[in-house]
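**Q** If you want the building blocks of each chain, they are given just below.
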Amino acid sequence: MFSYTIKRFLMMIMTILIIATLTFILMHSIPGSPFNEERTTNETIQANLERFYKLDEPLPVQYMYYLKSIVTLDFGPSIKKPNETVNELLARGFPISFELGMVTILVAVISGVLLGTFAALRHNGIIDYFAMTFAVIGISVPSFVLATLLIQKLAVDYNIFPPATWSSPMHMVLPVLALATGPMAIIARLTRSSMLEVLTQDYIKMARAKGLSPFRIVARHALRNALMPVVTIMGTMLAGILTGTFVIEKIFAIPGMGKYFVESINNRDYPVIMGTTVFYSTILVFMLFVVDLVYGFLDPRIKLHKKEGDA
Amino acid sequence: MNEQQLENARELAKERRAEVGRSQQAVVTAHTQKTKRKKVITDDIILSVDNLHVSFKTYGGNVHAVRGVSFDLRKGETLAIVGESGCGKSVTSNAIMGLIPQPPGRISDGKVMFKDVNLTNMTKKELRKVQGVDISMIFQDPMTALNPTLTIGEQLMEGVLTHTKASKAEAKEKALAMLRLVGIPNPQERLKQYPHQFSGGMRQRIVIAIALICEPELLIADEPTTALDVTIQAQILELFEEIQAKTGVSIVLITHDLGVVAKIADRIAVMYAGKIIELGTKREIFYTPQHPYTQGLLNSVPRLDLIAEELQPIEGTPPDLFAPPKGCAFTARCPFAMEVCEHVHPDTTIKSATHRVDCWLQDKRAQAFLATAQK
Chain A
1 MFSYTIKRFL MMIMTILIIA TLTFILMHSI PGSPFNEERT TNETIQANLE
51 RFYKLDEPLP VQYMYYLKSI VTLDFGPSIK KPNETVNELL ARGFPISFEL
101 GMVTILVAVI SGVLLGTFAA LRHNGIIDYF AMTFAVIGIS VPSFVLATLL
151 IQKLAVDYNI FPPATWSSPM HMVLPVLALA TGPMAIIARL TRSSMLEVLT
201 QDYIKMARAK GLSPFRIVAR HALRNALMPV VTIMGTMLAG ILTGTFVIEK
251 IFAIPGMGKY FVESINNRDY PVIMGTTVFY STILVFMLFV VDLVYGFLDP
301 RIKLHKKEGD A
Chain B
1 MNEQQLENAR ELAKERRAEV GRSQQAVVTA HTQKTKRKKV ITDDIILSVD
51 NLHVSFKTYG GNVHAVRGVS FDLRKGETLA IVGESGCGKS VTSNAIMGLI
101 PQPPGRISDG KVMFKDVNLT NMTKKELRKV QGVDISMIFQ DPMTALNPTL
151 TIGEQLMEGV LTHTKASKAE AKEKALAMLR LVGIPNPQER LKQYPHQFSG
201 GMRQRIVIAI ALICEPELLI ADEPTTALDV TIQAQILELF EEIQAKTGVS
251 IVLITHDLGV VAKIADRIAV MYAGKIIELG TKREIFYTPQ HPYTQGLLNS
301 VPRLDLIAEE LQPIEGTPPD LFAPPKGCAF TARCPFAMEV CEHVHPDTTI
351 KSATHRVDCW LQDKRAQAFL ATAQK
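Top line first, the protein sequences correspond to chains A and B. Counted the way this note's numbering counts, the first sequence spans residues 1 to 311. Counted the way this note's numbering counts, the second sequence spans residues 1 to 375.
The set of hints was computed from the structure by calculation and includes no laboratory data. Hints may contain errors.
What the hints assert, rightly or not - Partner residues aside, some chain B positions facing chain A, computed with beta carbon under 8 Å: (1) 131; (2) 159; (3) 161; (4) 367; (5) 369; (6) 372.
What the hints assert, rightly or not - Covered by chain B, per the in silico footprint, the following chain A stretches (three or more residues, Cβ under 8 Å): (7) 22 to 31; (8) 279 to 293.
C-beta atoms are modelled at their ideal positions from N, C-alpha and C, and glycine is treated no differently.
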């Protein structure tokens with residue numbers, strides 16, 4: 001287990017390094033610079049600015065500075081908002097984005113698994129048909145379409161939930177609904193099909209022959225086995241939810257990280273691009289690691305600490 | 001590998017050898033104990049199946065899988081139900097156990113009396129108080145019958161904790177005792193392990209331990225040795241005999257392996273196309289089979305003691321149970337088929353107190369036909 005964690009950790013660092021390098025290359029291959037604006041600035045001022053941000057150095061040197069900023073976890077001040085550092089931006093935006101993401105995942109997993117399980121237990125019954133129709137709609141409708149519909153209906157027409165911003169649990173409802181519906185639908189479908197398969201297994205029949213209650217059979221014997229495929233897609237789903245928050249944050253005017261992320265690219269605000277990208281990829285890579293650990297916890301047959309040479 | 005590791009490895013190997021020796025010793029003592037005990041069959045009827053009908057609704061129509069099965073089982077007795085694939089053996093056992101999924105299955109007629117209660121008109125909740133407590137079941141494939149994500153300790157104790165007021169510690173004691181009974185060495189450690197850490201034979205022992213942990217009076221074994229290799233089969237069969245001698249449990253054994261039947265059954269029911277066509281003691285079925293199907297079944301077993309050129313299969317295939325034949329279902333494959341066989345189902349002929357058979361050849365009027373057929 002320990003050696004596996006170390007190995008995974010080194011791999012994570014490698015992954016982040018590659019992402020950082022690619023980001024650097026892409027960032028500098030977009031034409032323009034932070035100081036290209038419609039009104040022309042004084043040439044000496046521009047030169048001074050570039051010197052201050054070390055943009056006059058050759059790219060390989062800039063790359064080294066860039067790596068240094070990653071290692072020291074200090075991304076410096078934003079170019080467009082000079083009175084704020086990237087670290088401050090992250091510290092302000094991330095907790096909100098994280099909250100939105102986590103609540104969304106929680107809602108998606110819990111409701112998706114419940115829906116899928118009930119659908120499987122009532123296979124070809126009304127609940128099943130209802131759940132699966134709902135799932136197909138949920139997968140097909142993009143979150144931003146759903147978001148605008150939700151605002152129109154639940155906020156504007158019926159005035160149940162506030163339409164935008166982020167300050168109370170009531171404010172969370174609409175963005176979380178918009179963001180969670182897609183993943184929930186996928187999880188529900190996946191849970192249903194894998195649950196249907198698990199329920200035909202001999203060990204479920206054996207559990208029935210033991211005279212266990214249906215609840216216990218599902219909760220203790222079936223669910224854990226049926227969740228394996230769900231855990232497998234959780235990793236990619238997390239990526240989807242995290243990036244999905246950009247759009248949703250924009251629609252609901254949530255002051256999360258997504259705003260800075262999108263703005264920074266439009267503004268060629270190099271330090272902010274670097275900071276947000278590296279930060280996001282670190283979170284994501286770490287989440288994938290957690291997912292792998294959960295895997296081993298759910299199924300004892302998967303041994304994480306297997307080294308080469310171990311039989 | 002350094003010296004220390006080498007030393008440790010040697011130490012470990014020594015311990016292993018000693019352990020193997022101990023467990024072999026245990027097997028030997030168990031064996032000598034077994035020969036002392038003798039199983040007792042009393043006259044109390046524990047299970048009585050009466051005219052059981054089970055059908056399944058499918059897209060192609062209704063399948064009549066079991067069409068009127070009747071038999072009695074006494075306390076401490078082993079009844080084997082034999083027959084080829086699809087003849088309704090497993091459906092019969094599932095029906096007794098209350099495991100027919102309804103729908104699509106339906107017990108359309110008949111009774112399953114366990115002692116003096118009818119299992120077929122119990123609610124699911126009432127049935128759960130019987131399942132695993134009074135009646136237990138052993139499944140065919142030990143590789144799939146155990147839940148891969150739960151330790152075998154959890155799977156063993158679960159039944160005890162659900163059905164009795166035993167505490168966790170008591171349940172654990174019981175689980176340990178069961179593992180010892182079925183001959184699993186190091187039960188303390190094994191309790192914490194998962195099914196994938198056991199071999200096939202060991203897993204079947206655990207499945208048996210789980211089935212027996214609540215001390216049931218009736219055990220239904222659905223092809224318990226089919227998925228095991230031959231040497232393990234013998235061990236498991238011996239375990240059955242040993243447990244029956246110790247606990248007096250009655251066993252319904254579903255199998256298509258006549259070798260297994262010859263070893264542990266007291267009585268044999270031969271099933272064909274959803275009906276029991278012949279029922280008798282082991283001796284009666286093996287030495288004086290009356291039904292042409294039973295004879296064919298026995299003839300089709302490969303024998304090492306005869307230098308036969310070829311196997312003798314029963315020609316043809318079983319009838320379609322979507323539309324079961326009106327008369328005797330074996331007619332199409334029967335070498336002695338008469339016109340009456342096709343249209344009217346034969347009555348049951350009582351050959352002896354223990355032997356009954358459903359065949360027109362038993363009718364007095366058929367004797368003339370038999371004489372010509374033999375020429």
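**Q** Which hint numbers doesn't this structure obey?
**A** 3, 4, 5, 6, 7, 8
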